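A.B. asks: Whole structure, please, built from the sequences with the hints as guidance.
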Amino acid sequence: GAVVSQHPSWVICKSGTSVKIECRSLDFQATTMFWYRQFPKQSLMLMATSNEGSKATYEQGVEKDKFLINHASLTLSTLTVTSAHPEDSSFYICSARLAGRQETQYFGPGTRLLVL
Amino acid sequence: AQSVTQPDIHITVSEGASLELRCNYSYGATPYLFWYVQSPGQGLQLLLKYFSGDTLVQGIKGFEAEFKRSQSSFNLRKPSVHWSDAAEYFCAVAAYMNYGGSQGNLIFGKGTKLSVKP
Numbered sequence: 001g002a003v004v005s006q007h008p009s010w011v012i013c014k015s016g017t018s019v020k021i022e023c024r025s026l027d028f029q030a031t032t033m034f035w036y037r038q039f040p041k042q043s044l045m046l047m048a049t050s051n052e053g054s055k056a057t058y059e060q061g062v063e064k065d066k067f068l069i070n071h072a073s074l075t076l077s078t079l080t081v082t083s084a085h086p087e088d089s090s091f092y093i094c095s096a097r098l099a100g101r102q103e104t105q106y107f108g109p110g111t112r113l114l115v116l
Numbered sequence: 001a002q003s004v005t006q007p008d009i010h011i012t013v014s015e016g017a018s019l020e021l022r023c024n025y026s027y028g029a030t031p032y033l034f035w036y037v038q039s040p041g042q043g044l045q046l047l048l049k050y051f052s053g054d055t056l057v058q059g060i061k062g063f064e065a066e067f068k069r070s071q072s073s074f075n076l077r078k079p080s081v082h083w084s085d086a087a088e089y090f091c092a093v094a095a096y097m098n099y100g101g102s103q104g105n106l107i108f109g110k111g112t113k114l115s116v117k118p
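Chains as they are written, first to last, in the numbering used here: chain A, 1 to 116; chain B, 1 to 118.
In case anyone wonders, no lab produced these hints; they're calculated from the structure. None of the values given here were measured: they were computed from a predicted structure. A portion of the hints provided could be inaccurate.
Claimed, not checked - Keeping only pairs whose Cα atoms sit at most 25 Å apart, straight-line, the calculated PhoX-like set for lysine-lysine is:
no., chain 1, residue 1, chain 2, residue 2
1, A, Lys-41, B, Lys-117
2, B, Lys-117, B, Lys-61
3, A, Lys-41, B, Lys-113
4, B, Lys-49, A, Lys-41
5, A, Lys-41, B, Lys-110
6, A, Lys-66, A, Lys-41
C.D. replies: Structure below.
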């Protein structure tokens, strides 16, 4: 089946630094990737939709200058948390949708971010 | 606006017993409905989905779900639970009109944690 990887799986950083998370579709091309955030014991909340070769579309309340998304190829999207603060600590999950298969998203394993 | 409600935060069942996880959705038209399972350290895995047609949907790992429009429900069932089924289960809905486009985001319920007693 379609596999999505994320790197790193977890990261600890100091407040004020920037952190980049990669999302890769390993065996398929993904024209669209999604970035979600999950708080403990909470649901996944969509942060943004990333389309290859175009600007990401952010959900209401998500700061686009804070969470930079780049979708440079059909197999890679990156999320950069700029000037991270402790409140950015969370579990970040990406998903990818097959080109031509609009109905199913495949999820990565997630990246746990802890900002000290 | 669409929403998904999973009334049970945590359910414990004995191994071999039957299971039903509840899911209610709010959406004006026919939704796309999904059940995902999330195990620790792993991504969400799609168990099954409903788009149209037969309201009883078969999925992987012996799971099934039934779409009941009159009750706005999409409950997940399994006749005999295995210890390996212990995980977090998420119900999700996608808007019919938006799903095939550039958006098509999923709206998730808060999840139900399943524990399995030996």
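A.B. asks: Which hint numbers doesn't this structure obey?
C.D. replies: Structure breaks no hint.
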